[in-house]
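A.B. asks: My request is simple: use the sequences and hints to build the entire structure.
First residue of the sequence shown: 1009, per my numbering; consecutive thereafter.
In short, the hints are calculated from the structure, not lab data. Fair warning: there could be bad hints in the mix.
[As the list claims (entries may be wrong)] Straight-line Cα separation of at most 20 Å, SDA-like style, residue types lysine to any residue; simulated pairs: (1) K1100 / G1090; (2) K1175 / W1124; (3) K1112 / R1206; (4) K1112 / T1036; (5) K1100 / T1036; (6) K1175 / K1112.
Keep in mind it's a predicted model, so treat the numbers as computed, not measured.
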Amino acid sequence: MNRKFLAVAVATVSFSGIAAEWQVDVATGNDVAAAVDNTGATRFKTIQAAVDQAAENDVVRVHPGVYDSGECVSRVEDGGEGILSNRVWIAKKITLVSVAGRDKTFIVGHHDPNGWNGMGPASVRCIGLGVNAEGTVVQGFTLKDGATTLHSSEGKARAGGGVYAYKDYARGNWFVDCSFENCRAVQGAAMYNCTAVRTYFRNNWVGCNFSGPWVCGGATRGSSHYFCVFTGNGGEGLLAYHSQVRNCTFFGNSARSFHANNATDNVYNCVVEGPVADTGSSLRYYSCATSF
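C.D. replies: Set out below in structure tokens:
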């Protein structure tokens, strides 16, 4: 996939069928006043309040700041498991875009201080996407310090510390010009079931304290990546579960392996500086420069 085609695809997904715009400003916004106004002229204080107000295909524009308040449990009626809290829960297709870019706009989750490596019942994921949110575009944010629960019985609540899309295998939710930093999970520390474009994955960690076949793994899992950078990521592998990777760079990662399970991961036109894939894995490189 070349850059021109990818740019057209992102633009098509982002700006088709726009109905209304909503503004969020953590410094000056007021959730109550903005909801009463209902015109978009008054800014919300939390992203969650604006997302709840928005209709399908609306645009939510977020002004610079640190968004570390407001949260929503993964709603059962939207396909969630009803356990893990999310800083932002998106139940319908929208465009969520920052005004000033990822260096000035932060969605911050929470590591459980009493959990294992930050994962536990008090953790907060950065973004959760319900099954009807397919087609959502998130652009220009740093998502950091998101985390999941830990125990194996909690299913999807242990996956995607940065973002988890609850519509399995779809990858129809796009993260463009974002950065995922210091997120933690049992599976897919930063991302699960999404597509990333021009996005950084920095210092994320994946792992668990229980055993089972392929139960842990992947800074990202079940996701697609185009023109991304992975650095500083640790734990049980960088990629997992049918990842698709094109024109990306991997360097300075401490993960145990490049590839965390036995599902096929395809890597095209990338620069890869370790770590080596597990012996016997189905990782496939095409036209890549590697250090091993």
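A.B. asks: All hints are to be evaluated individually against the structure, with a verdict given for each.
C.D. replies: Do the hints match the structure? See the list:
1. K1100 / G1090: Within the cut-off at roughly 17 Å; holds.
2. K1175 / W1124: Since the Cα atoms of K1175 and W1124 sit roughly 27 Å apart, the hinted pair is violated (cutoff 20 Å).
3. K1112 / R1206: holds (17 Å)
4. K1112 / T1036: Holds. K1112 to T1036 sits at ~16 Å (cutoff 20 Å).
5. K1100 / T1036: Violated, because 26 Å separates the two Cα atoms, which is more than 20 Å.
6. K1175 / K1112: violated (30 Å)
Violated hints, in rising order: 2, 5, 6; the structure is consistent with all others.
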